[in-house]
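J.: Chain residues, written in single-letter form:
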Amino acid sequence: MSKTEAAARLAVRKTYKLYIGGAFPRSESGRSYPVTSSKGEFLANASKASRKDARDAVSAARKAFGGWSGATAYNRGQILYRIAEMLEGRRAQFVAELAEAGTKKAGDVVDAAIDRLVWYAGWSDKITSVAGAANPVAGPYFNLSSPEPTGVVAVIAPDEPLLGLVSVIAPVIVTGNTCVVVASERAPLPSITLAEVLATSDLPGGVVNILTGSVKEIAPWLAAHMDVNAIDLTGVADDDLAVTCEQAAAENLKRVLRPAAADWYADPGLKHMTAFLETKTVWHPTGI
Amino acid sequence: MTSSLADVASSNATLRAFLHGLPGVDRVGADQRAAMLGTRSIKTTAKAAAIDLAIRMVDLTTLEGADTPGKVRAMCAKAVHPDPGDPSVPKVAAVCVYPDLVAQAVESLGGSGVKVASVATAFPSGRSSLDVKVADTALAVAAGADEIDMVIDRGAFLAGDYLKVFEEIAAIKAACGQAHLKVILETGELATYDNVRRASWLAMMAGGDFIKTSTGKVQPAATPSVTLIMLEAVRDFLATTGRKVGVKPAGGIRTTKDAIKMLVLVNETAGEDWLHPDWFRLGASTLLNDLLMQRQKMATGRYAGSDYFTLD
Numbered sequence: 001m002s003k004t005e006a007a008a009r010l011a012v013r014k015t016y017k018l019y020i021g022g023a024f025p026r027s028e029s030g031r032s033y034p035v036t037s038s039k040g041e042f043l044a045n046a047s048k049a050s051r052k053d054a055r056d057a058v059s060a061a062r063k064a065f066g067g068w069s070g071a072t073a074y075n076r077g078q079i080l081y082r083i084a085e086m087l088e089g090r091r092a093q094f095v096a097e098l099a100e101a102g103t104k105k106a107g108d109v110v111d112a113a114i115d116r117l118v119w120y121a122g123w124s125d126k127i128t129s130v131a132g133a134a135n136p137v138a139g140p141y142f143n144l145s146s147p148e149p150t151g152v153v154a155v156i157a158p159d160e161p162l163l164g165l166v167s168v169i170a171p172v173i174v175t176g177n178t179c180v181v182v183a184s185e186r187a188p189l190p191s192i193t194l195a196e197v198l199a200t201s202d203l204p205g206g207v208v209n210i211l212t213g214s215v216k217e218i219a220p221w222l223a224a225h226m227d228v229n230a231i232d233l234t235g236v237a238d239d240d241l242a243v244t245c246e247q248a249a250a251e252n253l254k255r256v257l258r259p260a261a262a263d264w265y266a267d268p269g270l271k272h273m274t275a276f277l278e279t280k281t282v283w284h285p286t287g288i
Numbered sequence: 001m002t003s004s005l006a007d008v009a010s011s012n013a014t015l016r017a018f019l020h021g022l023p024g025v026d027r028v029g030a031d032q033r034a035a036m037l038g039t040r041s042i043k044t045t046a047k048a049a050a051i052d053l054a055i056r057m058v059d060l061t062t063l064e065g066a067d068t069p070g071k072v073r074a075m076c077a078k079a080v081h082p083d084p085g086d087p088s089v090p091k092v093a094a095v096c097v098y099p100d101l102v103a104q105a106v107e108s109l110g111g112s113g114v115k116v117a118s119v120a121t122a123f124p125s126g127r128s129s130l131d132v133k134v135a136d137t138a139l140a141v142a143a144g145a146d147e148i149d150m151v152i153d154r155g156a157f158l159a160g161d162y163l164k165v166f167e168e169i170a171a172i173k174a175a176c177g178q179a180h181l182k183v184i185l186e187t188g189e190l191a192t193y194d195n196v197r198r199a200s201w202l203a204m205m206a207g208g209d210f211i212k213t214s215t216g217k218v219q220p221a222a223t224p225s226v227t228l229i230m231l232e233a234v235r236d237f238l239a240t241t242g243r244k245v246g247v248k249p250a251g252g253i254r255t256t257k258d259a260i261k262m263l264v265l266v267n268e269t270a271g272e273d274w275l276h277p278d279w280f281r282l283g284a285s286t287l288l289n290d291l292l293m294q295r296q297k298m299a300t301g302r303y304a305g306s307d308y309f310t311l312d
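As you go down the protein sequences, you meet chains A and B in turn.
1 is the number of the first residue of the first sequence in full-length UniProt numbering; add one for each residue after it.
1 is the number of the first residue of the second sequence in full-length UniProt numbering; add one for each residue after it.
No false leads were slipped in.
Below, in silico cross-link-like pairs of lysine-lysine (BS3-like), each with a Cα-Cα straight-line distance of 25 Å or less:
(1) K78/B x K257/B
(2) K297/B x K216/A
(3) K297/B x K52/A
(4) K297/B x K91/B
(5) K78/B x K217/B
(6) K43/B x K52/A
(7) K63/A x K217/B
(8) K52/A x K14/A
(9) K257/B x K52/A
(10) K257/B x K63/A
(11) K47/B x K52/A
(12) K43/B x K216/A
(13) K63/A x K17/A
(14) K297/B x K63/A
(15) K52/A x K63/A
(16) K217/B x K257/B
No lab work stands behind these hints, which were simulated from the structure alone.
So here's chain A without its partners, still in its complex pose (with noise of 0.2 Å):
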C-alpha cells in the first residue's frame, strides 16, 4: 500500500436532542432551529420541541415522582453530589460550550454552578428541620409540621445557560419533586449536555427532563396542564407571557414562583426549594 498523504478527519458533530424520562429522543415534530454563538456564528441545530414533547415529558417526570419523593433524603443528597462530580469531569467542555455562547469568564461560571450543586446537595436532609416545625399547640397533642414535594414542577430556565440552569433545577428536585426544564431558547445547547452529565448521574429517568425550543410556544401548555403541580416562571422574561401562564395556572390552583431577576452568584436562599414544598400537619395525641 503506498503511504498517502492523511486526509483530514471528519468532523464528528453532537446532535442536540431532547432528554426525556431518561431518553435522549427527537422533538415527536421533527423540528429543530439554529442555534449561532453570540458572534453570529452557526453552532448546531437544536431540537424545537412540541406541545406533545411537553406532554410526554410530564407524563415522564409523573412516572419518576413516586420513586424519587419516596426516596431518603440522603440518597437524593449523593444524587445531586454525584451530578456535581460528572459534571467537574466534564469542566472542559462546559467552558468551551459557555464560551461559544458568550458566558465571560465561563470557567468561573462551572465552578460555581457545582458549588451550587454541592451545597444544594447539603440542603437534602437538612430542609425538614430548618421548613418544618414541632408546633406548640393547646391540648394533649403532639403537633408536627413536615415540608413535602409538591409534584410534578415546570421550569422555565431562565438565560443563563449554565449557572442559571443548574440553580432551578437543583431546588426542585432536591426535595423530592421532579420536573419539566425549559432551557434558555438563545442558548440550549449547554443545557442538553447537563443532561448528558445527569443520565449518567444514578439520577431515575424522568426526574428531571429538558426541552429546547420555544418558550413561548411551550411554556403556556406546561402552565395550563392539570397534571403539572407547580410552575416557576424565572426564564420568562416577556410581561405578558408570564401573566398568561399565571392566570393559566391558576385552573388547578399551582404553585406559582416568579422572582424578580436575580444575581446568580449571591447566595441563593431558600426560596427556590421552600417555593415547592407544602406543609402536612400532623396532630398525634399524647399522653394515652
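Starting from the known structure of chain A, arrange chain B on it as the hints suggest.
T.: Showing chain B alone in chain A's frame:
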C-alpha cells in the same frame, strides 16, 4: 349456515381438512398492513367522534382475584357516568366481571342499558371438565348476565382435537340461552397467525356471537395484527354464511391512540357496518380514563391530569 359448512363439523377429520384448507396468513404482510393502518392521522372532529364511539364500545373490565362487591359497584357507577362532571359523555357498552359478581353488577346497573358480561368456563385457563364449564356458564346466566365470555380449550386446539373445541363451544352456546356468547381465542397462546384464523373460523362455526382476542392474562394480547386477522375472518364468514359475528380485542389497549388505531382497522377491514358497539367492543380497564382525558383535552384545550379521574 350453509349445508357444506354444517357437514364440516361431523368429525375431527373433516374439521381438520376444512381449517387447514383455509388460506395461510402471510405474517409479514399482516404485520405490515396493521402497522400501515396504524399510521392514519385522525384529528379534530373525526377524533372527537372516534373517542365517543370508542367509549360506547368499551367493556369496562375488572377480573382480579381481589375484586369486591364495592369495587364492582364503583365500576358500574363509572360505566353509566364515565365522567360525572360531564353528562355529554356516553355510557360504555358493558361491564365485564367474574360470575359470582354478576348479581352485584346487575343490581348496580339497574335499567341503565349498560350490559353485564361475565367470563365463564374456568376463566382464564379453561382447564376443567365440560360439566364444570357448563355449570359455570349457567351460574352467570342465572345471575342475569347478558353476555358470556368463554375461553376455548387451547390445549385441545393445539393438540389438533378441533372437534372437542367445537363441541365445547356449542355446548356453552346452548347453556347461554338468550345471552350472547363471546369466544376468547387467547391468541397469545396460539403461536401462529394461521392458528388465529383457524380458531376464529372454528369459534364462529360453533355458534359464537363474538370472537375475542385474549383474556388479558397472557402477553401478547390484542395486537393490531391478530385483530386484523380476526376482522378478516368475520368479514369472510359473513360472505360465506350470511351470519354476522362481532370482534372484541381485549388486553393491552391502554391509550386513545391504540383505540383509534383499532377503529381504523375495523373500518378498513370488516367495514363500516362493524363500527357499532353491537359488533365491535374494546375490552379494557385503564383505556377508559385515557379516553376521558383526551375528551377533556379536546373540550377545554388543556392537557388533562389523572388526578381528576377515578382510579379503577
